Amino acid sequence: METLNFRFDSKPVPRAANPALCGVVGSGNLEILVKPGIEPEACRVRIKTSARGFGETWRAVLDSFATSHPAGGTVIAINDMGATPAVVTLRLAQALAEYQGGAL
Amino acid sequence: MNAPLPRDWDTLRQSRGRRLERAASLGFGQEIPVDRIIDLLEAVIQPGDRVCLEGNNQKQADFLSESLADCSPERINHLSMVQSVLALPSHVDLFERGLANRLDFSFSGPQGARLAKLVQEQRIEIGAIHTYLELFGRYFMDLTPNVALIAAQAADAEGNLYLGPNTEDTPAIVEATAFKGGIVIAQVNERLEKLPRVDVPADWVDFTVLAPKPNYIEPLFTRDPAQITEVQVLMAMMAIKGIYAEYGVTRLNHGIGFDTAAIELLLPTYAADLGLKGKICTHWALNPHPTLIPAIESGFVESVHCFGSEVGMDAYISARSDVFFTGADGSMRSNRAFSQTAGLYACDMFIGSTLQMDMAGNSSTATLGRITGFGGAPNMGSDPHGRRHASPAWLKAGREAYGPNAIRGRKLVVQMVETFREHMAPVFVEELDAWQLQKMMGAELPPIMIYGDDVSHIVTEEGIANLLLCRTPEEREQAIRGVAGFTPVGMARDKAMVENLRDRGIIRCPEDLGIDPRLATRDLLAARSVKDLVRWSGGLYAPPSRFRNW
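Keeping their order, the protein sequence lines are chains A and B.
Quick note on my numbering: the first sequence kicks off at 1 and runs consecutively.
Quick note on my numbering: the second sequence kicks off at 1 and runs consecutively.
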């Protein structure tokens with residue numbers, strides 16, 4: 001296991017009432033929990049992953065996501081079982097939509 | 001004046017006569033008792049012969065292969081094997097036991113690692129790795145078999161053969177052997193008084209043997225919809241909207257895999273919603289993929305010609321004779337040589353997957369320690385310069401590649417891959433493993449499956465790169481890096497150049513295509529399980545037990 005922590009600048013996202021949970025902890029998949037944070041212009045991410053040594057790939061994937069989506073004002077917790085960047089990006093988009101009240 | 005040299009002009013026929021005499025002297029007629037097959041093989045095969053062992057990725061002459069491997073290496077040795085596929089353990093046993101030492105083939109999937117080891121130990125000499133069509137071609141040029149060992153469904157008393165739905169390579173092999181002084185030996189699953197139809201006439205066949213069990217057939221083209229991922233659904237949506245619809249692709253071939261299975265299962269749903277029924281995917285060169293059943297049942301598909309059959313599909317095919325090529329007896333006749341020809345010259349598009357792709361777009365399924373070969377992919381996945389007839393898709397692609405006054409069209413050759421395989425192995429690489437494999441094999445060329453200059457489009461979860469519109473090698477490279485995502489070569493992209501390519505529509509992301517990735521869910525699949533496929537077929541599809549979980 002490896003634990004990674006990141007902070008990215010990101011435009012504020014409209015806050016919904018409830019935290020959003022997306023995905024499952026299964027092989028090649030991951031679980032994402034999006035909760036309100038205290039910094040409106042930043043997104044904090046904490047990752048627990050079974051695959052060691054991919055810190056820079058995570059940073060790149062999350063940085064790209066925080067740039068292309070408004071995700072400011074959130075804290076995101078991720079439990080990962082070796083998901084590829086494609087799956088991570090898709091789940092993040094789904095979780096963030098859920099967090100905004102399920103609007104697509 | 002040069003006097004003509006005296007010579008015999010019928011040595012092949014004489015040799016054939018001597019072989020048949022040896023068999024006759026041992027008391028053999030056309031029907032060989034199963035317990036005497038080794039005696040027959042040792043009587044008619046000579047050291048140094050070129051032997052074709054029928055076997056491809058589906059039907060296998062497995063009994064004859066095992067029997068040949070059990071022959072005495074003192075009687076039979078230095079054989080030169082020509083065969084579509086090196087797939088069975090007994091295929092490799094021939095080399096390990098010293099019966100054969102040279103191999104010309106197309107594909108070696110499951111035995112790829114054992115083959116690589118034999119090559120390293122210099123116990124096997126590989127002539128070349130071919131495509132199917134190339135190898136068939138050489139059967140009629142410089143690799144004509146002395147003996148062919150084939151598999152048929154049934155024989156009658158005269159020796160006529162019925163090949164069943166898995167006709168596959170048999171006609172090409174038998175024709176080359178029987179008409180050049182060779183010997184044809186067939187293993188059959190049953191002897192019948194009257195055959196459903198005659199696929200090979202008796203006078204092209206020398207011996208038949210009733211095999212102790214039916215010839216092995218691998219259900220190679222069955223993909224369980226339950227295993228299709230949302231990322232594959234997303235890529236399938238992009239392919240349908242960004243390529244199939246834009247070019248109006250009606251005639252095509254799909255490779256094997258979950259990526260293309262996802263496309264097949266989105267035809268009755270996503271593609272139908274886009275109004276594409278009747279406008280795309282009407283005519284196919286394709287094995288009977290179970291995942292095509294929903295599209296057929298929805299009226300998308302007019303015609304399918306098959307390389308081989310697929311386990312469990314026979315009753316369904318028989319009941320859909322407007323779609324599949326079937327005999328008067330009702331069963332399908334496949335034919336790999338003709339279907340490959342259709343794939344080469346009569347298809348507007350090939351779409352398939354690969355394991356590695358370099359920055360020139362070359363792709364390979366060979367990885368270190370495994371010699372896998374190509375099968376039919378390089379033939380399907382190439383732009384044939386011999387094509388002369390036009391179609392809207394072919395013309396549009398040609399104009400994109402060569403400009404508005406192009407005098408030729410262009411086949412669409414699409415590679416569809418996720419940027420990472422399992423265990424985070426990047427698909428996009430600076431150098432293919434094929435180059436190291438070439439050194440290990442001592443081969444003239446690296447085993448590249450599809451050459452980069454044949455590739456027209458690359459689809460990844462990041463988007464579609466249209467290589468036809470690239471005007472320089474640098475643009476091509478950046479277009480590939482631009483869809484290579486977070487792989488090391490993707491991260492090394494020139495961001496400004498990639499943005500420019502995106503502005504010009506050479507790279508298109510899901511949002512450029514009007515696709516919301518969050519809508520890419522498994523709910524879009526017309527069937528989400530094998531059981532759903534059975535339901536779509538009205539109970540006619542009978543999946544093999546390993547695909548049944550109910």
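To be clear, the hints were calculated from the coordinates, so they are not data collected in a lab.
These numbers come from a predicted model, not from an experiment.
Misleading hints may appear alongside valid ones.
Derived list of chain B stretches under chain A, where covered just means 3 residues or more per stretch with a C-beta under 8 Å from a C-beta of chain A [unchecked claim]: (1) 11 to 25; (2) 70 to 84; (3) 377 to 389.
Among the chain A residues that face chain B by a calculated CB cut under 8 Å, a handful are [said to hold, decoys possible]: (4) F6; (5) G26; (6) G28; (7) T57; (8) A60; (9) V61; (10) A86; (11) V87; (12) A93; (13) Q94.
The beta carbon of each residue, even a glycine, is placed where N, CA and C say it ideally should be.
Any hints this thing doesn't respect? Which numbers, in order?
-> The structure conflicts with hints 1, 2, 3, 4 and 5, although it agrees with all the remaining ones.
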